[in-house]
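*Asks:* Read off the chains here:
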Amino acid sequence: MGMCLSCFGGAADDVVVTPDPEMRRRQLAEAAEKRQKELYQAGSLHVVSKPRGQRHMEAVLRNLASTAELLAVAGRSGEVERWDEPTLTRAFQWARYCEHLFSRFHRNPAIRVCMERQLQLSNQGLRAAFEGYIEVSFSDLSRCQHLLLVGLLGNPELPISIMKTLFDTPSPVCTKQSEGQDVTGFCSRIIQCKSACKVLSPLTDGSAVGADAEVQAAMLMERLDALLSQGSEACRTEHILGSVLRGFEGAPGHFCLVIAAALLTKKNSAAKSASRDFLLDWLQREQRVLQHMCSALPAALIIDLTKEHRTFRDAYWNLLKKWASDMEYSLSEGDWVQTGTNPTVSFDRLSEHLLGLCETGPSLRKEVEKELNALKVSDGDYDVRGLSVWADLLSTLNKSVV
Amino acid sequence: MSQPPIQIRPAAGPLLDAREMRFWLDKAVAWGQADRPDAQKDAALHLSRLRDFLRQILTFINSVSSTTEAVERLPLLGQLLGRLCWNPYVTADAPGRRLLFQSLWGLYSERPGNAVETKANQWIRKVLCQLATEEDDAPAQALMKQIGVAPKEYYLEVLRKTVALLQENIGKRCGSLADINQRCSCDSILATSEACVPLVTCPEAAPLIGALLQLPGTCVRAALSEHFLDAVSSAYSSLEEAVLSLLECALTTSGSNPQKQLDQSLLVSPFL
Chain A
1 MGMCLSCFGG
11 AADDVVVTPD
21 PEMRRRQLAE
31 AAEKRQKELY
41 QAGSLHVVSK
51 PRGQRHMEAV
61 LRNLASTAEL
71 LAVAGRSGEV
81 ERWDEPTLTR
91 AFQWARYCEH
101 LFSRFHRNPA
111 IRVCMERQLQ
121 LSNQGLRAAF
131 EGYIEVSFSD
141 LSRCQHLLLV
151 GLLGNPELPI
161 SIMKTLFDTP
171 SPVCTKQSEG
181 QDVTGFCSRI
191 IQCKSACKVL
201 SPLTDGSAVG
211 ADAEVQAAML
221 MERLDALLSQ
231 GSEACRTEHI
241 LGSVLRGFEG
251 APGHFCLVIA
261 AALLTKKNSA
271 AKSASRDFLL
281 DWLQREQRVL
291 QHMCSALPAA
301 LIIDLTKEHR
311 TFRDAYWNLL
321 KKWASDMEYS
331 LSEGDWVQTG
341 TNPTVSFDRL
351 SEHLLGLCET
361 GPSLRKEVEK
371 ELNALKVSDG
381 DYDVRGLSVW
391 ADLLSTLNKS
401 VV
Chain B
403 MSQPPIQIRP
413 AAGPLLDARE
423 MRFWLDKAVA
433 WGQADRPDAQ
443 KDAALHLSRL
453 RDFLRQILTF
463 INSVSSTTEA
473 VERLPLLGQL
483 LGRLCWNPYV
493 TADAPGRRLL
503 FQSLWGLYSE
513 RPGNAVETKA
523 NQWIRKVLCQ
533 LATEEDDAPA
543 QALMKQIGVA
553 PKEYYLEVLR
563 KTVALLQENI
573 GKRCGSLADI
583 NQRCSCDSIL
593 ATSEACVPLV
603 TCPEAAPLIG
613 ALLQLPGTCV
623 RAALSEHFLD
633 AVSSAYSSLE
643 EAVLSLLECA
653 LTTSGSNPQK
663 QLDQSLLVSP
673 FL
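Going down the list, the sequences are from chains A and B.
The opening position of the first sequence corresponds to residue 1 in this note's numbering, with each subsequent residue numbered one higher.
The opening position of the second sequence corresponds to residue 403 in this note's numbering, with each subsequent residue numbered one higher.
Honestly, the hints are just simulated from the structure, not real lab data.
All figures in this text were calculated on a predicted structure; none of them were measured in a lab.
Hints may be right or wrong, so weigh each one.
Stated by the list, open to error - Just the calculated beta-carbon pair ranges, DEER-fashion:
#1 B:Glu555 x A:Lys37: 29 to 35 Å
#2 B:Gln543 x A:Asp281: 23 to 29 Å
#3 A:Pro252 x B:Asp428: 35 to 41 Å
#4 B:Lys547 x A:Thr89: 43 to 49 Å
#5 A:Lys37 x B:Asp440: 54 to 60 Å
#6 B:Lys547 x A:Lys37: 44 to 50 Å
#7 A:Ala218 x B:Glu537: 18 to 24 Å
#8 B:Leu646 x A:Gln230: 45 to 51 Å
As the list claims (entries may be wrong) - Residues of chain B clear of chain A, computed beta-carbon distances all greater than 12 Å:
#9 Ser468
#10 Val473
#11 Pro477
#12 Gln504
#13 Cys621
Stated by the list, open to error - Chain B stretches covered by chain A per the calculated footprint, using a threshold of three residues with CB under 8 Å from any CB of chain A:
#14 505-512
#15 528-536
#16 555-569
#17 595-602
In this text, a Cβ means the ideal position worked out from N, Cα and C, and glycines have one as well.
Whenever a hint applies, use it, and build me the whole structure from the sequences.
*Replies:* So, in structure tokens, the structure goes:
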């Protein structure tokens, strides 16, 4: 796909200085719209695929600035009234080009910094020109087509003929290969996918994790892989994880499924194991998440996790010990109960956890019994129920052997 | 307030009356109630009748002089179309979706003559914008934003993964299980085939549909829904036309294995 670079005049050249802010805004907007029109009248656009030297870098940055302007015009300007199908196609080509720029350069810090600077400049100018303008950041570029679409559909001046093109439902067979390139039916395909997912998802209730959790996990790990391989600082990568966690605020159970799925995906290369190790380290520091995982996830999943990761197994065992040590014997209830404001687990449930853990292997069972015994001894080595939580847990464990 | 039965006669075809409107509106309301397991079955059952009804609606809309007239003669029209837009069984089905959107376009006024028509225009734009861009799954949306993935790619991935999971489940049918006491998953075959009724023309669902059609049918519990079989046969009404389309597909799709495409096509199973 060849897109030629069109040249266009400097930003400030077309604008006559005026003291009236509203007039100035109008002038800046008109200048941007004029540049967009020139862009389309120049015909198709070339993309510079490999920057060699200053000149090429400048061309890439101008393309970037141009796309920021395009997004502003698409979402905020009445200029779209004059758009036709070829214009729409070219607009999406520009957006795809920027997605390509992102995927090529997001791991290159030097170029990334240049692009971020350019976007900041563009944002400044466009904020002055278009009321309600939403700034575009470098990381937004990975979803450039989506941003363009949201802008267009939200623009009341968008011609109905353009909307019809986007929502057209083309012939069912052979749509697969035209997916990426065709604007006709762009929205129709999104709606079909979303609806198909909703229709099929109740059928996957039996599966351990669920399709969406698996896909989210795969995407999360891919992102972590990318960050770690480009040598990102640990705090930045943690920040991403933290933001994802916050995004799941209303659905902590689902987040636990995603983390479990992420830790259970079969990966072979060393790079992939780096992201899993990172996630495991993070999990050990985020006790709240670990607690939730161990109390909310189905037992089978927890067993899988303990079998797969030594670190998780150790963290899980430590958590069980912590839960046990928080327990006191209640005479009124005739059982061990957790003290504290948020009792998470009952004695019976704790015993189930313990049994599950021991089922992962005979050597582990021996270790657990040994440790429980040592703790029981330190408590006075009584065999009467209700005096030492460790003794009672040990006796539950021993009963299960019979 | 009960409506007197208004008889509306479009250019050709049967009557379109308020009673029928009410029937479909009630259906749409019922299907919209979340967590109703029989809603899915009901939607699959009625899909082809719904398409016929939508054709009548479209004919009616094209026969009236204005949106105002359409709304006056069928006051429930807007509500019905709106509810159907939010029903995934209707929007997943390509022919149904096409008829639904064409009905909306039919109600769009190039030059709105009054407040009703202006409002209708705004509503149509809003509904379509929401359908294509709004996200009701807040955690997924947050993740997409953080990871930098567009909804289009995300949902495509989820769909592919779901189809793969379901295909795997179908594979675990009785006869292939070592322990005869292990319960087969054939009970879910009927439900899966019903869910696939709107998906017979969805390319990503083809592997699943192919797997369903290739079941040997030895287990009494593994019954395919009749509506599913009807939908499959009507989607490919002409064998010749379908084979030619598939060949064209296989030859023009770059980087894919034509044999694999054909194998995955649902055409291979019943006919060859």
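*Asks:* Please go over all the hints and tell whether each is borne out by the structure.
*Replies:* Results for each hint:
1. The hinted range of 29 to 35 Å is satisfied by Glu555 of chain B and Lys37 of chain A, whose Cβ atoms lie roughly 31 Å apart.
2. For Gln543 of chain B and Asp281 of chain A, the hinted distance range of 23 to 29 Å is satisfied, since their beta carbons lie about 27 Å from each other.
3. The beta-carbon spacing between Pro252 of chain A and Asp428 of chain B, approximately 38 Å, falls within the hinted interval of 35 to 41 Å.
4. Restraint check, Lys547 of chain B to Thr89 of chain A: a C-beta distance of roughly 27 Å breaks the suggested window 43 to 49 Å.
5. Between Lys37 of chain A and Asp440 of chain B the Cβ separation comes to about 56 Å, which falls inside the hinted range of 54 to 60 Å.
6. Roughly 32 Å separates the CB atoms of Lys547 of chain B and Lys37 of chain A, a value that falls outside the hinted 44 to 50 Å.
7. Checked against the hint of 18 to 24 Å, the C-beta distance between Ala218 of chain A and Glu537 of chain B comes to roughly 19 Å, which is consistent with it.
8. For Leu646 of chain B paired with Gln230 of chain A, a C-beta distance near 48 Å keeps the hint of 45 to 51 Å intact.
9. Even its closest Cβ contact with chain A, about 16 Å, leaves Ser468 of chain B beyond 12 Å, as expected for a residue assigned away from the interface.
10. Distance check on Val473 of chain B: its Cβ is at least 18 Å (rounded) from any Cβ of chain A, clearing the 12 Å threshold; non-interface status holds.
11. For Pro477 of chain B, the requirement that its beta carbon stay farther than 12 Å from each beta carbon of chain A is met, with the minimum near 24 Å.
12. At roughly 9 Å, the least C-beta separation between Gln504 of chain B and chain A is not larger than 12 Å, which violates its mark as non-interface.
13. For Cys621 of chain B, the shortest C-beta to C-beta distance to chain A comes to about 18 Å, beyond the 12 Å cut-off, and the non-interface label holds.
14. Remark: the segment 505-512 of chain B is confirmed as covered by chain A, as 3 of its residues place a Cβ nearer than 8 Å to a Cβ of that chain, reaching the required three.
15. Only residues whose C-beta sits within less than 8 Å of a C-beta in chain A count toward coverage, and the segment 528-536 of chain B has 5 of them, enough to reach three; the restraint holds.
16. For a cut-off of 8 Å, the count of residues in the segment 555-569 of chain B with a CB near a CB of chain A stands at 11, and the three-residue condition holds.
17. Check result for the segment 595-602 of chain B against chain A: holds, 3 residues qualifying (beta carbon to beta carbon below 8 Å, three or more required).
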